Amino acid sequence: MKLAYYPGCSLKGTSFEYETSLLKILEALNIEVQEIPDWNCCGASAAHSLNHNLSVALPARNLAIAENNGFEEVLAPCAACSSRLKTAKHEMGSDDILKKRISDSLEMPYKNSLNISNMLEFLLNIAGKEKIKSLVKKPLSSLKVASYYGCLLVRPPKVMKFDDPDKPVSMDELVALTGAVPVDYSYKTECCGAINSLSKPDVVMALTGKILYDIKEHGADLVVVACPLCHSNLDVRQREIERKYAERIGLPVLFITELLGLAFGFSPEELAIGGHMVNADKILQKLSN
Amino acid sequence: MKTVINEQERRNFASEVESKLHDKLAKCYQCGKCSAGCPVNFEMDYTPNQIIKMTELGMADRVLNSKTIWLCVSCNTCSTRCPKGFEVAGIMDVLREVAAKRGIESKTEKEVQTFHEVFLDNVKSNGRIFELELVGKYKLKTKHLFRDMFLAPKMIEKGKLKMHSDKVSNINQIAKIFKDFE
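One line per chain: the protein sequences are W and E, in this order. Residue 206 is where the first sequence starts when you use our numbering, and the numbers rise one by one after that. Residue 1043 is where the second sequence starts when you use our numbering, and the numbers rise one by one after that.
Isolated chain E, as found in the complex (with noise of 0.2 Å):
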């Protein structure tokens, strides 16, 4: 594996993904338990712990287009078991923040990160979710138009689907909220 060219990269990178995380990479000493009961770690390219030394080793690229970050699904197992109180799944958000913040679109789990996504606009546009317009769009922009379209008669002879959206009103004070801190 390719390690690190320029210790300047390596420092600008560890310490960007540092202040964002409020806290130290070196704090962690590789025994894998985030690894070890991470319940993905089997579809994960990189474990837990290796994002944590990739990312101390400044390797920008393969952390940031890795699978893991985009597979992490937060259940915070990782961060309750660590021994050291190290934040790994803070560090997974973070990673995904400079990920979108540079552009990056995951070559693989592209589904997770345009779910986020298209569920964020939502939340913009609406100030709640509108769990029919959400699946509405995440699907036209997969195009996995058919996929889980089974469940929706049952869900809707249940009354699981609202054909309405119910909006904020004070939906301009939303919008500041998006434009001050997206």
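Excised from the complex, chain W in its bound form (with noise of 0.2 Å):
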């Protein structure tokens, strides 16, 4: 099976710790993808925000080329780019008409017969838990860890079609697998404030905050994530928070493809950890220990 891989912009940019760490382990599971030829943004939420037809649009031209380049699967590792590709999907899949025109618009064959999976979905059913398992070499089994859902990964459950909306568990089964111990807590699949970052960063730090305190009372290490969006809003803004509420966290926020890189035996260096706002030494120690 043809493998397509969509980066999306955040990748490619502030995020680029999770392209890198994920290639790494792509390597180590020794499957191969393939970047859409000319990919262009899904248009996020901006798009679905002020026009419908363009946020349908967007993804599709991608769509559109990986189809047409004979794909059969795409891997959206950012949880936003997944989230607009499987919605795109999902609406074309249900207005002919829409269909036709974005098809006509891009002068090109759709017949909307891609599966879009997100990082987490592609890992659990293209790796598969045992081939994941079989090469952690490095066990993580002195890291507490907590997995941040937030919502596009899981919301809407009818266009998104995985794991559970309210007590999912396909990130902690991943964490589980590097022998590190999940941890639970309240707010798993709470919006972090994602997009309104810049243009509401009182209303987001509150947001964030919640979630990062309740998985600091609950004992964590450090939190991975699936969503470049979460990151930013959980590392970046982290100092910040801790100064607005006269409170420290102190929790590196890491991507899961950089969990299962150290468990697979991969430096920091080559996964690109130093790239974090939030300091990991503290857990790198913990592990070398």
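No wet-lab data here; the hints were simulated from the structure.
Using 25 Å as the maximum straight-line C-alpha spacing, the simulated BS3-like pairs for lysine-lysine come out as follows: (1) Lys-1200/E to Lys-491/W; (2) Lys-1185/E to Lys-449/W; (3) Lys-1166/E to Lys-304/W; (4) Lys-415/W to Lys-449/W; (5) Lys-1166/E to Lys-1218/E; (6) Lys-1181/E to Lys-1204/E.
Here are the simulated distance ranges between beta carbons: (7) Ser-1061/E to Asn-330/W: 33 to 43 Å; (8) Gly-1074/E to Ser-493/W: 50 to 60 Å; (9) Val-374/W to Gly-1201/E: 32 to 42 Å; (10) Ile-1146/E to Asn-330/W: 42 to 52 Å.
Just so you have them, the derived chain W footprint on chain E, three or more residues with Cβ under 8 Å: (11) 1106 to 1116; (12) 1121 to 1132; (13) 1135 to 1148; (14) 1153 to 1160; (15) 1169 to 1180; (16) 1198 to 1209.
Predicted, not measured: the structure shown is a model, and the values here were computed from it. Just so it is clear, CB atoms sit at the ideal spot from N, CA and C, and this is done for glycine as well.
Using the supplied hints, reconstruct the complex from the two chains, each of which is provided in its own coordinate frame.
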């Protein structure tokens, strides 16, 4: 099966650590993916907030290019991108007129046949638990890890068709495969404030703060995520949240691919863990002890 | 609160929203579950269930000028939990789109609206997001030049801010998508 990779804008910019680490673990898993040629932005929250048709047409161009290049499956590691690609597929599946208009505009035939996977889905369904487990060389048994899912991996369930929207377990299962201890807490699927990070920073800090302090109270050493936007709010804004609420958090935020990479025996440098704003030395030290 | 004046206007507005939403406003029986679970309800002027009812009542001005439609972060908790399967998050998208098409600028949440506009402009001109340009243009437009700037040096040091844009080669196709669907 030919596997397409849709990186999206964040993985080429502020969340470069996600791409670096995911390509490393795919190499270890011996899974080959090819970037969709000349891919474009999915339109993210801006497109669906201002123009419904554009919010379908922008991701559809990527799907059409992938389909016409013979791909059957697309990996979209960014939760927002995977949500927009899945939504476009869903919308075109129920609206033949829009599908035809888009296909005409792109001047490409389009069947709407691709399967789209987010990062967790891809790891569990395409790579498989057995294979992941077999590659764990350095079990992370000294670490307590909180999985933060956020919104778009699981909601709305009729479109995402993945895991449970209220009590998801997929990321915790991946954490357990590394030998680390999954930590249960209250706000696994509460919103971090997402796209409003720049326009409503106070609201975003209130929402993200609630999540981080709860994780801290439940005794986790670190947080793992599978979304660049969640990562940005939890990691980049963490110092500011500590200042605002005058209480230390000090929780490193890793991408799930980085945690798996550590368990596979890659070095922190190979996984670009130094690219985060919250220093991860504390947990790396714990691992080397 | 002033309600409907004109039944024809009420029906026009409600059916405009319903046709874009592909859902029926009357499905909502006002249980309030959407509003209880909304993570940004504390900032809103009207709760999501109020917005649904006000739309049904044809209160276009209030709804389209509300803070609520721009504060909604599309987390979809509401739609997921709705016992009637109503598109609660979807109605916020529809109302934002209708407001934007009517040229209504949010008085209180202008920054959210501006961010979306600048974001789409960036997609239109590059095909992909050039984060530095996006943030720069957003700051110029909102005049919040210094807010968040303290984050920049460390983000540059960490390699998070790219200094050049990575454009889509077939930018004409992107232009065509915008021309056909904008």
